[in-house]
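Which chain is which? The protein sequence lines are V and B, in order.
Start counting the first sequence at 199; every next residue gets the next number (our numbering).
Start counting the second sequence at 199; every next residue gets the next number (our numbering).
Since the hints were derived computationally from the structure, they do not count as laboratory data.
One thing to keep in mind: the hints can contain errors.
Any copy will do: because identical chains look the same in the list, a pair fits if it lies in one copy or spans two.
Claimed, not checked - Here are the simulated lysine-lysine pairs, DSS-like style, with alpha carbons at most 30 Å apart:
| # | residue 1 | residue 2 |
| --- | --- | --- |
| 1 | K470 | K362 |
| 2 | K465 | K403 |
| 3 | K285 | K327 |
| 4 | K604 | K590 |
| 5 | K465 | K414 |
| 6 | K590 | K266 |
| 7 | K414 | K470 |
| 8 | K210 | K327 |
| 9 | K257 | K273 |
| 10 | K465 | K362 |
| 11 | K285 | K415 |
| 12 | K604 | K285 |
| 13 | K638 | K362 |
| 14 | K638 | K327 |
As a plain string of letters, each chain reads:
Protein chains: 2
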Amino acid sequence: MSVADLFQAELKAVNLGLESFADNLRQRGVSVVQMDWRPPAGGNIAMIAALDRLALNPKIDIEAANAKAVQRMLKGKPMLVGVGIAKDVVPGMRPDLILHSGPPITWARMAGPMRGAVIGGLLYEGLAKTREEAEALAASGKITFEPCHHHGSVGPMAGIMTSKMPVWIFQNETYGNYSYATFNEGLGKVLRYGAFSAEVLDRLKWMETDLAPVMKKVLAAHGPVDMRGILAQVLQMGDEGHNRNRAGTSLMIREFAPYLVMLDEPKEKIAKILSFLHANDHFFLNLSMPACKCVVDAAAGIEGSTVITTMARNGTDFGIRLSGLGDQWFTGPAGIVEGLYLPGYTAADAAPDIGDSVITETAGIGGFAMAAAPAIVQFVGGVPQDAINFTKAMYEITLAESDFYKIPILDFRGTPTAIDVRLVVEKSILPVINTGIAHKEPGVGMVGAGLVKPPENCFQDALAAFAEEYTAT
Amino acid sequence: MSVADLFQAELKAVNLGLESFADNLRQRGVSVVQMDWRPPAGGNIAMIAALDRLALNPKIDIEAANAKAVQRMLKGKPMLVGVGIAKDVVPGMRPDLILHSGPPITWARMAGPMRGAVIGGLLYEGLAKTREEAEALAASGKITFEPCHHHGSVGPMAGIMTSKMPVWIFQNETYGNYSYATFNEGLGKVLRYGAFSAEVLDRLKWMETDLAPVMKKVLAAHGPVDMRGILAQVLQMGDEGHNRNRAGTSLMIREFAPYLVMLDEPKEKIAKILSFLHANDHFFLNLSMPACKCVVDAAAGIEGSTVITTMARNGTDFGIRLSGLGDQWFTGPAGIVEGLYLPGYTAADAAPDIGDSVITETAGIGGFAMAAAPAIVQFVGGVPQDAINFTKAMYEITLAESDFYKIPILDFRGTPTAIDVRLVVEKSILPVINTGIAHKEPGVGMVGAGLVKPPENCFQDALAAFAEEYTAT
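Please model the complete structure; the sequences and the hints are all you need to start from.
As structure tokens, this is what we get:
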């Protein structure tokens, strides 16, 4: 076709970018195809350069490294294997160490709910007798604060774990590594939301003296529980394994009940435990979290992999870690959750985003599997179609689909698994996280639930550091 | 616009009926709007006449009668109130009476699975010692066969109830009426699928001596269970209350477990019961069925109402009853179920459609709520979108939407409730039923599950009879 032909033939345009250009042409009767296109990395020159360097001049085969990380994430088989006391089983745990959710943080920078939970933890341990004593001790430098994630552990919301607390023990059957999490306390006034009243401490004590020892015996009688099988089922029962856990809790109760009955324990004690589980649909959260943790941990530390193996928040910072960059954290400010508030509370009461529960999204369930749990919008806000759209968007930033976790309404498509930080930055699509909302002051508790976006800079910073590390010189 | 204008202006057509007419016009460049239209009642002249007579010359205010029936169906509150022995609690029950599913039928016309279950029932009652004795007794005229539905009861598949069998007792709290159903035996070799081996009879005996008395005590301790609340929940957990009952069974276990533990019973007995419930996801079916039965029964017998208050099959005939025509049955041949077969079986092994479980669809759940249970297609065949489409189609033939049973994926729309026989006939849209498939021979059991269409003639016959009864002369 000559140039002359071009001006004689009917004009057919393909438009990239701003749709208003296409609209102008259409108004003049020109046939236009609008391409859904945005500039990579939102046009951020430094990020485009980093992506280019990694694409054109990598020091290592990134795709091969990611294939290995993906393989490890897809093949991980989380088994609930036992119950122990933190100081006996969690690596490095000791009485003057307090584990918390999210990336590392000092007492001085801790958000209200985390401070409240630390106070509660020190009271629970008997290291302080009053709130004031606990605050003084926490500020004294005599207590060490470290992330749960540094000790193979995860904790919802404040995520406080102290040495006497009982923990669930998980093992990744495929790769052998372990993970740990405390027991879920229920809703309302609970330590993980920063409450530390006598009611909270009494419950923690009962969990230590009654609930955990009984659960330990039940697990010994039952044998290890295949949590991958349970998680696969809950996704067919309206749960997503993070904020909707009614099916998961129900399945654990029916799994354990026949063994609970057979224990040599007073029946009042067993009945109280069954009533406690029945009254707390989030019982399952503290099982789905360590199940995810031991799976993603097996995909960590793979040289050259851009897969995100940690996302976590401490109420002040949101942080991520990449498989190929070891233990290095990349952080940004924790966001404010948009969602539904309990009666009497508003966004003005909310603490910023907090907790390790985003381990579920990191492993490909939770917010990433919201399409399996459309009823969750009653808890976190929005309409059912949003839940489907969130899941669909997450396929854009992940490298694989689960072989086990399937979403019926998406024709049993596997959940989006293994987030590639390059895709997050290139497409400017941030991971979807659904979460609870804590009151910003210590001692209050839960005020709502909703959806939150992580800060974009931590993904960009991680990509920049990765490009620095892995571009050939 | 003059006729001359018409032929000069651009032609714009609206096409009713056969779409090929529209296609022809489109091929000639004519703008066509295709209306989704079919002749009423598929063009059946007698049915159109019946519908017209009822519309133009009714003897009674049909809409007012239906409003009353709908109100009763929407306001019914099914409560599980107790456990009893059939002969003690089911109205009219006696040792020489056997209740069965579906419309009335004689021994001579019974399908294989129902004969098998009758044989099992007579062996269980001690009225016969061998299969041959049982068959001779069943054929002798000394045993009376009547539908469960004539005794306030419902039974899945063969639906056999004999005098010694334990039954769940339901009461419609709003209207006071009662309903009954036997206990679910689990899957595989079970009486309701026509099996009657020693294994089947031993299990029935254990249910009589152990399971039912314990459940009776549990209910006494727990108090009545609000089954409307439970059903509302299961629809948000991937169940539809007919063939997918994993959530329902789980919720009942967690509801009962704390009370089971506290009973003054050997713990081995309690553990065996909890294991039995855990191993049988259809435990809940025999609770959802009588829950639906006591609700639709309250809407029966309303003069002038075209609402369908019974659909049921005995393996030979499919039958319906209308609210405004009392106890009169309208029947047609039971269909063959299209679905998925267990390994080793094919459609050639299948008995025709059987069971009272279509009471769930009659009440607006089950197949009518399939959109809430997309994972069910793995059990009954098809793809998840089919499940959504089936539910949407049922809004076409129902008069109301449930205030309690909501479907998350349809933006929490209430389930389609109260089938109007006029709409079924006028639109030629038959109720969607999902169901299990029994082997056609006595003694074998379940061979699969799927979807089945009821025979259209019973709806047409019912409409004709209704028009006869309710047209003013």
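Here is how each hint holds up against the structure:
1. Taking CA atoms no more than 30 Å apart as the test, K470 paired with K362 passes inside one copy only; the shortest distance there is 22 Å, against 35 Å between copies.
2. Taking the shortest Cα distances, K465 and K403 sit within 30 Å of each other both inside one copy (19 Å) and across copies (27 Å).
3. In the homo-oligomer, the alpha carbons of K285 and K327 lie at most 30 Å apart inside one protomer (21 Å), although the nearest pairing across protomers, at 65 Å, exceeds that limit.
4. For a Cα distance limit of 30 Å, the shortest separation of K604 from K590 qualifies both inside one copy, at 13 Å, and across copies, at 24 Å.
5. Taking the closest pair of Cα atoms, K465 and K414 come within 30 Å of each other both inside a single copy (17 Å) and across two copies (19 Å).
6. Proximity of K590 to K266 under the C-alpha cut-off of 30 Å is restricted to the intra-copy arrangement: shortest distance 24 Å within a copy versus 45 Å between copies.
7. Proximity of K414 and K470 under a CA criterion of 30 Å is satisfied in both settings, with 16 Å inside one chain copy and 21 Å between copies.
8. Taking the closest pair of Cα atoms, K210 and K327 never come within 30 Å of each other, the shortest separation being 78 Å inside a single copy and 85 Å across copies.
9. Taking the shortest alpha-carbon separations for K257 and K273, only the intra-copy value of 27 Å comes in at or below 30 Å, while the best inter-copy value is 70 Å.
10. In this assembly of identical chains, the alpha carbons of K465 and K362 lie at most 30 Å apart only when taken from the same copy (26 Å versus 32 Å across copies).
11. Within a single copy, K285 and K415 get their C-alpha atoms as close as 19 Å, which meets the 30 Å cut-off; across copies the closest is 44 Å, which misses it.
12. In this homomeric assembly, K604 and K285 never come within 30 Å of each other (Cα to Cα): the closest approach is 37 Å inside a single copy and 47 Å across copies.
13. For a Cα distance limit of 30 Å, the shortest separation of K638 from K362 inside one copy, 27 Å, qualifies, whereas the shortest one across copies, 62 Å, does not.
14. Taking the closest pair of Cα atoms, K638 and K327 come within 30 Å of each other only inside a single copy of the chain (23 Å); across copies the shortest separation is 74 Å, beyond that limit.
Checked against the numbered hints listed earlier, the structure breaks hints 8 and 12; every other hint is satisfied.
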